[in-house]
Amino acid sequence: MPDVATALANVPDHEIEQTPWGRLVWMVSGRLGNSTTMTVGRCYIDPGQQNPRHYHPNCDEVLHVLRGTIEHSFDDETVRMSAGDTISIPQGVSHNARNVGPDTAVFVVSFSSPDRQVVGEN
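For the sequence shown, position 14 (counting from the first letter as 1) is numbered 14 according to the UniProt record's numbering, and the numbering increases by one without interruption.
Worth double-checking, as some hints may not be accurate.
What the hints assert, rightly or not - The following label-pair restraints were derived from C-beta to C-beta distances:
hint, residue 1, residue 2, range
1, 101, 36, 31 to 39 Å
2, 77, 33, 19 to 27 Å
3, 94, 66, 19 to 27 Å
4, 80, 33, 18 to 26 Å
5, 30, 103, 27 to 35 Å
6, 83, 49, 14 to 22 Å
Rather than coming from a laboratory, the hints here were simulated on the basis of the structure. Think of the CB as a built atom: it goes at the ideal place given N, C-alpha and C, for glycine as much as any other residue.
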């Protein structure tokens, strides 16, 4: 059996997904071939922008803010989050994030599936 370094030698280290509101940088996923259990990425939301309201039918999400200030809406609630704040969003809960600060908001998102599915994002 090959060691981890050998197994990952041909795996891209990230995938960038540009959006009208910012970008997603995927670092771990089934599609990248470096996990069979999770998806992990960084999300960048430009000032004054928000990602579309959506939900994940096949996984939970954990969001951890690294920089900036966002309002995260889920179901009928909205929470203000800044660097160091973390939230867990259960599978099937409709949510989105809006950057309410002057700088690009950056946060880490992780999902309990290597194949993160999204409904309503576009």
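So, going through the hints one by one against the coordinates:
1. Between residue 101 and residue 36 the C-beta distance comes to about 36 Å, which sits within the given range of 31 to 39 Å.
2. The hinted range of 19 to 27 Å is not satisfied by residue 77 and residue 33, whose Cβ atoms lie roughly 36 Å apart.
3. Separated by about 24 Å at the C-beta atoms, residue 94 and residue 66 satisfy the suggested range of 19 to 27 Å.
4. Taken as a hint, the range 18 to 26 Å is violated for the pair residue 80 and residue 33, whose Cβ atoms sit roughly 37 Å apart.
5. The hint said 27 to 35 Å for the Cβ distance between residue 30 and residue 103, and at roughly 32 Å that hint holds.
6. Judged by the Cβ atoms, the range 14 to 22 Å given for residue 83 and residue 49 holds: they are separated by roughly 18 Å.
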